[in-house]
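Participant: Single-letter residue listing:
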Amino acid sequence: MADNTAECVFRAKGLTKIYRMGEVEVHALRGIDLELFAGELVVLLGPSGSGKSTLLNILGGLDTPTAGEVFYLDRNLSAAGEEALTGFRRDHVGFVFQFYNLIPSLTARENVSAVTEISKSPMRPEEALRLVGLGERLDHFPAQLSGGEQQRVAIARAIAKNPAVLLCDEPTGALDSATGIVVLEALEKVNRELGTLTVLITHNAGIADMADRVIRLSDGHIVEERRNAVKKAACELSW
Amino acid sequence: MTALNLKLLRDLWHMRGQALAIAAVIAGGVATLVMSLSTYDSLVASRDLFYRDYRFAEVFTRLTRAPEAVAARLAETPGVERIETRVVAVVKLEVAGFTDPVTGVLSSLPDTGQPLLNTLHLKRGRWLTPYSGDEVIVSDTFADAHGLHPGDRIHAVIHGKRKALTLVGVALSPEYVYQIAPGAMFPDFKRYGVLWMGRNALAAAYDMDGAFNNVSLTLTPGAEAQAVIDRLDGLLARYGGIGAFARKDQFSNRFLSEELKQLQTTATVFPSIFLGVAAFLLNVVVARLIATQREQIAVLKAFGYRPLAIGWHYLKLVLTVAFLGVAGGVALGAWFGQGLAGVYMELYRFPYLHYVLNPGVIAIALGVAGLAAASGTLVAVGRAVRLPPAEGMRPETPVVYRATLLERLGLQRLLSQPTRMILRHIERRPLKSLLTVFGIACAGGLMMVGNYQRGAIDFMVDIQFRQAAREDLAVGFIESTSGRALFELAQLPGVRHVEGFRDVAANLRFGQYHYRSAVYGIQPDGILHRSLDRNLRPVQVPPGGIVLTDHLANNILRVKPGDLLTVEVLEGRRQVLQVPVLGITKQYLGVSAYMRQDDLNALLREGHVVSGAYIGHAPDAAADLYARLHARPRVLGMVAHAAAIRSFYDTLGEFVLFFNMVATLLAATIAFGVVYNSARIALSERGRELASLRVLGFTHGEIAYILLGELAVLTLAAIPLGFLVGVGLCGILVVVFESDLYRLPLVLEPYNFALSALVVTVSAVISGLLVWRQLGRLDLVGVLKTRE
Chain A
1 MADNTAECVF RAKGLTKIYR MGEVEVHALR GIDLELFAGE LVVLLGPSGS
51 GKSTLLNILG GLDTPTAGEV FYLDRNLSAA GEEALTGFRR DHVGFVFQFY
101 NLIPSLTARE NVSAVTEISK SPMRPEEALR LVGLGERLDH FPAQLSGGEQ
151 QRVAIARAIA KNPAVLLCDE PTGALDSATG IVVLEALEKV NRELGTLTVL
201 ITHNAGIADM ADRVIRLSDG HIVEERRNAV KKAACELSW
Chain B
240 MTALNLKLLR DLWHMRGQAL AIAAVIAGGV ATLVMSLSTY DSLVASRDLF
290 YRDYRFAEVF TRLTRAPEAV AARLAETPGV ERIETRVVAV VKLEVAGFTD
340 PVTGVLSSLP DTGQPLLNTL HLKRGRWLTP YSGDEVIVSD TFADAHGLHP
390 GDRIHAVIHG KRKALTLVGV ALSPEYVYQI APGAMFPDFK RYGVLWMGRN
440 ALAAAYDMDG AFNNVSLTLT PGAEAQAVID RLDGLLARYG GIGAFARKDQ
490 FSNRFLSEEL KQLQTTATVF PSIFLGVAAF LLNVVVARLI ATQREQIAVL
540 KAFGYRPLAI GWHYLKLVLT VAFLGVAGGV ALGAWFGQGL AGVYMELYRF
590 PYLHYVLNPG VIAIALGVAG LAAASGTLVA VGRAVRLPPA EGMRPETPVV
640 YRATLLERLG LQRLLSQPTR MILRHIERRP LKSLLTVFGI ACAGGLMMVG
690 NYQRGAIDFM VDIQFRQAAR EDLAVGFIES TSGRALFELA QLPGVRHVEG
740 FRDVAANLRF GQYHYRSAVY GIQPDGILHR SLDRNLRPVQ VPPGGIVLTD
790 HLANNILRVK PGDLLTVEVL EGRRQVLQVP VLGITKQYLG VSAYMRQDDL
840 NALLREGHVV SGAYIGHAPD AAADLYARLH ARPRVLGMVA HAAAIRSFYD
890 TLGEFVLFFN MVATLLAATI AFGVVYNSAR IALSERGREL ASLRVLGFTH
940 GEIAYILLGE LAVLTLAAIP LGFLVGVGLC GILVVVFESD LYRLPLVLEP
990 YNFALSALVV TVSAVISGLL VWRQLGRLDL VGVLKTRE
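Same order as they appear, the protein sequences are chains A and B.
In terms of our numbering, the first sequence opens at residue 1 and continues consecutively.
In terms of our numbering, the second sequence opens at residue 240 and continues consecutively.
Isolated chain B (complex conformation):
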């Protein structure tokens, strides 16, 4: 090993504390980068494999009923490669020992052989016996949630008839990677299940003999999805088709895509912060190192070392630190990534999740970290290299201090001598002080981001379920029914309040923009289901028009109050209506269009007809009420909010815990890295000065005050700035994560701020203690001997 490389190793060893702190910050950035990218890669790879191997369809549609003969005509549609018709039924399920309402989707499988599209991955058990009458395969989420095994029996109410089903297998489907009930806000594996049954038996039970009500298809290469959708809609309109949609709009796939988008954001935003901070730290540390090695550099130059060789020497030192950080970061990121992938597997069901750590990801990490490190030190190294050797050999001129602003304002009497030293030192290098403050603030901000989601979700749930949709239970009828049904519901024991609603699938269109949604007709004076204005206060839906969720109006349809919205009804008579937009409502989950129920009934030219009802009931009446409703053949499905929220929090808990852990770890790393390095540098810059003070009779505590007081001031300044950074970062997340599925509110609770301040303070105190110890080891005698 050359002498210079030996020097490098020993210099590194000498500054190991600082090097490790910086490496840790780099590791934090690399870890988030690797975690996000590798999880992203893993999910994309697993999704693509799953979709391909299990022939996930590209276009989907539902209809009321069409004779099987229509299938042949659909197959001839240009652009269609493969087509499969199915019978799909929404059913009520009964699982022994579980009293809450359970909704299921029963989907048909061919009686012989495998389906052409959307094939299943059988996890346990076996396939259906050809033409079996009562065998079903169930989704693994449902089976796991209820502990169901092949051989178990469950009951389904299909078309009002109760039928016993034998579970023979447990499977996964590319159609239901993310399993969420239509209209539900969160996945609820206990109260929503997907089942597959032989076509013959299901058609018989569902009154669909020789007919189908669901179509999925794949496209020939190069075929335009929209063109096929338009042709399909034309063909199926008279069979009650409610409009086909492409894979990108398929519910499960959409959620997955949004999740992947978020991962990509995570892979950009967070590593940028970390590596930015690391670059700054390296800059400060290396600048200091080079300042202390001024003379060594001059000597090397005097003996004929070329500037490039010296520059490379210091760059190697920086890159070694960066490399340490990358190595640690990749290991940590792979660990986090596997953890995260595991958490995802709970929510997104793939038959396999191959955790892949692409060499490309490591290369990106190396490149990005190396670049950040090098850019952070290039200036300092450049200065070292340019320093003429004759000058380098001369001692540095004393730094210029001056009276601080406070003192110039005449406040010096209020400041002790040590306090003046602190303030003058901060003021002397304002940019460095500012960057230190900003670095610590980044740590505080990150901490807030890590803990922000929980509060935002609490807020969303509160608004959605305690302000807007306050019903205990939403009941859907098999088909729209006379409003008189509501009186029957109101008579059930325990029911306190009933509000009917009418919903109809529709395509909303304004100019070039359109969106498929349901139009909800609700009670204007409803106390259960209400719409909220932009200040989240309940407002009545005004008569004679439609009210839209802010995101739907502003960002999707780009329509304002006063505009005329085209509503293309997708059911029944399929009217095309012009409806004035009367207002905008605030909503965080999903997007909706609301009208008064009587207005909607009138527009659809029907009498007082409801599709379902919102029910408020006494808490202790739930089980009995569920049983009674379940027994009513016209009640198709029920969603109990309290249970749904609970189960949502169970699922979410793991996510939140995971992110909190990661965020706290990373934020603490940054805070510690910045504070510790600042302290160490201050110590190396001022060790002589402080030792001299000790010789003059200052105590350990007094000199520690001078050194650590500066850091305390900077840390205190950083805490509120960290709040700002945190709010800003959360604001970025809000904008980036905005979609029609949900919009996170920018709500930060006091505990978000408190945690951020706490982590920063604790990290600062720990680094302060480490430096305190080193102050005790100042060489008082040595200082008297060293030349100035």
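Pulled out of the complex, with its shape left as it was, chain A reads as follows:
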């Protein structure tokens, strides 16, 4: 799917983010230029503090840049207000977080429903869960699921709204490698079958091999961008 004729979903220009933490200014992003295309699977690689989570948050409309512009299709996210960003997230973005962030008082099915209930054309929660291989565990509460299962519920929850973009922040960070691979397979399957632009943050270089494109960040800059000539399947990865 890594095809330059594909539609450009995100276009960022000179993205800068400065946090003020007490007396100190933290430059999380220092002028990032970036384009992401429909159907791509992109891995953002970098050590912690390199700015990858900040970038992901800005792309997902969870945060706004201090300077620079970011467009989703022809919508300028950097100029959007809180209400517009909420609408953008609601209709177009699916998130997967490192610590799953499921709602503990809701079952797997209900966690997915919480999102499909406010979406325009969602799939059925059961369908989303079957897609990540959890068709049998619909009525389990998060506490009754393993870490990998919880993360797959989180993926089902993210994709159930049929988002244009799937943003995953260290989705395997809290998992052992075998479980991590199962989760990555789920993401790969979603990307392949639904054609969802998938951006995956990791500090684990081993995962980069499953990407169409790998972008390496360091200290708020993009330091390397490469296209994998051969894309490995998730099950072939190891770390």
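Since the hints were derived computationally from the structure, they do not count as laboratory data.
Hints should not be assumed to be uniformly reliable.
Pair by pair, the computed Cβ-Cβ distance ranges are [what the hints assert, rightly or not]:
id: 1; chain 1: A; residue 1: G195; chain 2: B; residue 2: E630; range: 31 to 39 Å
id: 2; chain 1: B; residue 1: K555; chain 2: A; residue 2: R130; range: 27 to 35 Å
id: 3; chain 1: A; residue 1: H27; chain 2: B; residue 2: V1004; range: 54 to 62 Å
id: 4; chain 1: B; residue 1: I1005; chain 2: A; residue 2: R130; range: 47 to 55 Å
Beta carbons are placed, not taken as given, at the ideal position from N, Cα and C, and that holds for glycine.
Got chain A; can you put chain B on it based on the hints?
Facilitator: Positioned in the frame of chain A, the structure of chain B alone reads:
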């Protein structure tokens, strides 16, 4: 059901203990609100119906005697709609098997047909036979107190003549909803009765043929009561009229109005406290809930839930708790209300008491509780809604602790590590700690209010009957009599001491202020009946002037010692006198004006004349003395204090018991609600920390000390503050309930304080035990796994 609503239900279930505790506090507030308002509504509705249906008069007056022809002239007075003349006689009653003195009021009924005004509600028996000579209808209180039934016979001494009366009916009158003997301090249903008799027979017995001595009337719409009263007084002055008064000053109605005023106060003061505490609790609990759900909120926002939707989600949770509280409170309040209404029905006699629970009252309860709940949580919910999702996903920064004041003072050596943790935790959130202390203190304060009345009443009775009016028996003569009568009384067997008194009805006036009262002429060196100074020490009434009760002087007439008071005598020659005010006396029951008896005699230009006598007698001589006095035609009435006090306490007992029960229940609810919630929140905030300590080898008892020690400190601090709150609340009640009928003294006994401390402590201990149990279930392994 949507996923979010499911989450709400499960969150509620998860925090059910806390939710129930808060709901209980709300229920307490709503219950007092509903109880007071519904009882108020019920009493007002019953009163208004009774007054209307039984044509309660609007203006009343008494006079010595006027020929019936005068009635026609009275009827022509502008502003008068309907008028009725009556013969009303104060009589001595004899009930078989009852030796105490019994005073009665015999009031005439038309010989045919119903009265025009103040008609009776016949509860049992039948109406009088036209022109019957000996039939009477008696008030239900009197009949019930003595177990009298239609067909029974009683005797009355009317105008010195003993007459047998046949009881044919038992009735209620709008004039005597609250039945209390003139001049008495408390109702005494056994020793005071109201009877109705045919006009012809009563007039014959009372020497009032073709005449009347009592007038009541209603006003034409728009007529000014005062103008009618002035005209009436002018017309009746030469017939011995002692001044007309409007319905608002009618004795029974006044007591009822005061009672209703108190209910309204109850409906404001107490629910405010409860709902204030509930708002605080909800604030703390929801703030904590939101803090623990920070990440969930962030996720919901990340997935596109709008801030309003999330805010509404938490508000729904709060409102559900509030609604539970309101539902429980309305049920409890209706139950209390019916109980209270029942208690009132003992004292205030209506033919029916329709207990009404207006939908309006429920709406008020819902509105007030919802508002309190919402306002208590709005800040927390607002914070949740404003939290940027990216930030919400990050773990909270560790809270900042610092060395406490004690430690900075260099006392840390005295404190163990766990004790330091306790103190630092309290100091870290001083406002929250303070509010917790204040919440518990409110519970203690409420408890004191609930138990305060009993002590105050004991004190009032002690001052009134053991310091001021120490006579065993007060005897009134049919008319003022030569002081020589006192010697006769003193000769009666068992009598130890006799003091004569002269009382005269008068209108006291100072500038624009005036008050109708009696002026009492008492013995300056009396040992039975004395006036007390502001320190409650007996003082002699000084010669040459008048002494007034503090409330009468300061609040009603606004007169100071040294001012000249106008005394318009309403009897005899009806002099208008200027009398210097010489002093102020302290009195809790009623208001009075005192002079030396000889001064009063001199002012009235009469010789040594008495209206009655105060008697001290040997305790075992009572029955014999009553019989001898009863037999004397010139003795009109007797009030025996000991019996009156006993019967008062019987009646009051139920009231006091009822309020004690309600107050204890409610105070315990608040104390429990605050302490339990504080403990639970502390547990949820610090569960990780405590579990870590357990992993490090601390025992269950040691970590419980850290958690519960904090609550113990707060509870201990709250107890004395609760005393202050209690004294303050009682002080408010004293001011609000102040009237010329009585003023509650601000007297709190050690047991008031002890009970308050006890209820708070017991509630705290119970909630501590519940939390202790939960501490035993800390997940030690889980804690090691959870991320920071």
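Participant: Each hint should be assessed against the structure and marked as holding or not.
Facilitator: Do the hints match the structure? See the list:
no.: 1; hint: A:G195 - B:E630: 31 to 39 Å; verdict: holds, 32 Å
no.: 2; hint: B:K555 - A:R130: 27 to 35 Å; verdict: holds, 32 Å
no.: 3; hint: A:H27 - B:V1004: 54 to 62 Å; verdict: holds, 56 Å
no.: 4; hint: B:I1005 - A:R130: 47 to 55 Å; verdict: holds, 50 Å
In summary, this structure violates none of the numbered hints.
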